[in-house]
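These protein sequences, in sequence, are chains G and R. Following numbering that gives the first Met the number 0, the numbering of the first sequence begins with 0 at its first residue and continues without gaps. Following numbering that gives the first Met the number 0, the numbering of the second sequence begins with 0 at its first residue and continues without gaps.
Please keep in mind that the hints were generated in silico from the structure rather than gathered at the bench. Quick caveat: nothing in here was measured; it's all calculated off a predicted structure. Note that beta-carbon positions come from the ideal geometry of N, C-alpha and C, so glycine has one too. Each hint should be verified, as a subset may be incorrect.
[Said to hold, decoys possible] Listed below are several chain R residues computed to face chain G (Cβ distance under 8 Å; list not exhaustive):
hint: 1; residue: E87
hint: 2; residue: I92
hint: 3; residue: L93
hint: 4; residue: I126
hint: 5; residue: I131
hint: 6; residue: D217
hint: 7; residue: L218
hint: 8; residue: D219
hint: 9; residue: G229
hint: 10; residue: K231
hint: 11; residue: A392
hint: 12; residue: R396
hint: 13; residue: C397
hint: 14; residue: G401
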Amino acid sequence: MKLMDVVIPTGVVYSGTVIGDAFRECVSHNVGGLPFCNAEGKVVGRFSLRHTFKSLCLPQDISHHAHLLGDQICSESAPEVINGDILKLNVDPYVTGHIATITPHSPVIKALSIMEKYNSSYVFLVDGDQYIGVITRMAIARLLLKYHQF
Amino acid sequence: MAEYATELTFDMYIALAVMLGAYVLIFSEVLHRTSAAIIGAVVMIGVGTAVGFYSQDMAIQAIDGNTILLLTAMMMVVAMLRPTGAFEYVAVILSKASRGDSRLLLIYLSLAVSIISMFLDNVTTVIIFAPITVLIARILEVNPLPFLMAEAMLSNIGGAATLVGDPPNIMIGTAGGIDFTRFIVHMGPTILLVWFCTVLLILFLFRKHLPKVDRPVDLDESKAIHDSAGLKRSLFALAVIIGLFFVHHILGIYPAYAAFVGLCIVLLLEHPEPGALFGQVNWSVLAFFVGLFIIVGGVEKSGLLHWVGLQLVDIARDPEGLLITGLAVMWCAALLSAIVDNIPFTVTIIPIVLGLESMGINITPLWWALAIGVGLGGNGTHIGATANLIAIAESERCGIRGAAITPMAWMKVGIPTMFFSLIVASLVYSLFFSTFL
């Protein structure tokens, strides 16, 4: 199995892209994050659904005590998330500098290892400065099932 | 007994220069305080050995083993207790008991933090209580700022009541040969009064921020306890430790040994992973203390601290002068603790007080004055105590509008609170001075 067989080509986000567009791209490709590129097209950051939600509506006091929460706080807090206002915000403040990447020549097990190490469900596939797509655990599992007709 | 010069000598100047250099590094935060203390200790040993007033053996003897080992053992016990969820359970229960009365909530949470801080590290206590406090305030739709400030300040005050509540107290107790019971008997009533007065003052200062709210605390305390069997075992060990603290002087054991007995119980009952246990010990704090002990040990061996004691002896010898000296120690300790770390100050002043004893002065009241001063002074500014910084960090992180505690916001409440608590403590100290002798 080669990584090029499981890569999911996606769009990228740039400075000024709104969260709504980034969300749509993630949802349409079933990926948890997208590369954030500079004007030259080089990957310089990462837009992630998890990090964005965490920044916008999951302060540490809530997430740390998630097991204690009743239903009321979850339905009433972060109204800007519930009414969709966040979709119009720029992605820039929510982009993280940390980028986990892998090359097309790397084995699948390396991709899985990197995802495991960084507690992520995806990793970006790049060839030099060229972004190719996203590798996800889901895509690897799907291809395994397809290859072996389980 | 060592012979000390009555005039300032070259050795003293050298030792003073090394200590001041280290303290400038510590207080200016050019380097992390632990790094600065380690560098200062190494320089003190090197220079002291070269000049001839200090040695490696003396440096090792200068380390207060009881303080270091007691802190280590208590950190490990807390590391076992913390993941059980007991602190969160208490916080949720108390928040529900307050029935939406913010003032009651503030009193309950502060009381819990204060009592826990009497026996466990108050920084850890605030680290655990601050996030759950913010969550409770978020649910009740009240500003968490007064709660966070009250918890930090009252944990500092609570910690001042016992021998093990605050690292300076451990050092004072060890140096002065003061046992746990004697410490709490002398400090307890004063600190209790100061605590009540401070709570009243905080309620007054925050009266506009503490409304009565008609919202339930939508948290399920039954989910808080992760490991009830582990909690019972850890509480049993803690109870043994606290019990031994009360009788350690009768048994002739150090408080550190008492803490290690309890730790052994936890180790036997819990079989903790070494990584989980030892990883939770704040080695940085312990290394900082070791560095300070070595630095001050060098200054002491140079004779400088004895010389400082000689300058104070005439004032302190007069019984009325002793009261004034005690009050001066209390207020100086408090004011300095408000602006700099109280640990270096305590470590430095302890040998001076001990030096006064060798000159025939009754130093017992000075120990209490010192403990009160360093305990209450930390409330004055945001940097006065580590617990304050924890509260501030949590207030900034929560993202609630108006909750962030700025240095100015802290001082607006902290300075009146510090002065008020010091005045109360000074009155008690002066009126009942004979009980502190």
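Results for each hint:
Of the supplied interface hints, the one on R/E87 holds, with its beta-carbon coming within about 7 Å of a beta-carbon of chain G, less than 8 Å. A distance limit of 8 Å between C-beta atoms decides the matter here; for R/I92 the minimum to chain G is near 12 Å, and the interface restraint is violated. Annotation: interface hint on R/L93 violated; nearest CB of chain G at approximately 14 Å, more than 8 Å. Nearest Cβ of chain G to the Cβ of R/I126: about 11 Å, over the 8 Å cut. The hint is violated.
Using the Cβ-Cβ criterion of 8 Å, the hint placing R/I131 at the interface with chain G is satisfied: the shortest such distance is roughly 6 Å. With a least beta-carbon distance of about 3 Å to chain G, the hint placing R/D217 at the interface is held under the 8 Å criterion. This hint holds: R/L218 has a C-beta 5 Å from the nearest C-beta of chain G, less than the 8 Å allowed. For R/D219, the interface hint holds, the least distance from its beta-carbon to any beta-carbon of chain G being 6 Å, beneath 8 Å.
Hint status for R/G229: violated, given a least beta-carbon distance of 16 Å to chain G, over 8 Å. Hint status for R/K231: violated, given a least beta-carbon distance of 20 Å to chain G, over 8 Å. The beta carbon of R/A392 is not positioned within 8 Å of any beta carbon in chain G (closest approach about 10 Å), and the interface hint is therefore violated. Proximity of R/R396 to chain G holds as hinted, the smallest CB-CB distance being about 6 Å (cut-off 8 Å).
Taking 8 Å as the C-beta contact cut-off toward chain G, the hint placing R/C397 at the interface holds, the least distance being around 5 Å. The interface hint given for R/G401 is broken, as the beta carbon of that residue sits about 15 Å from the closest beta carbon of chain G, more than 8 Å.
Figure legend: structure checked against the earlier numbered hints; hints not met, in rising order: 2, 3, 4, 9, 10, 11 and 14.
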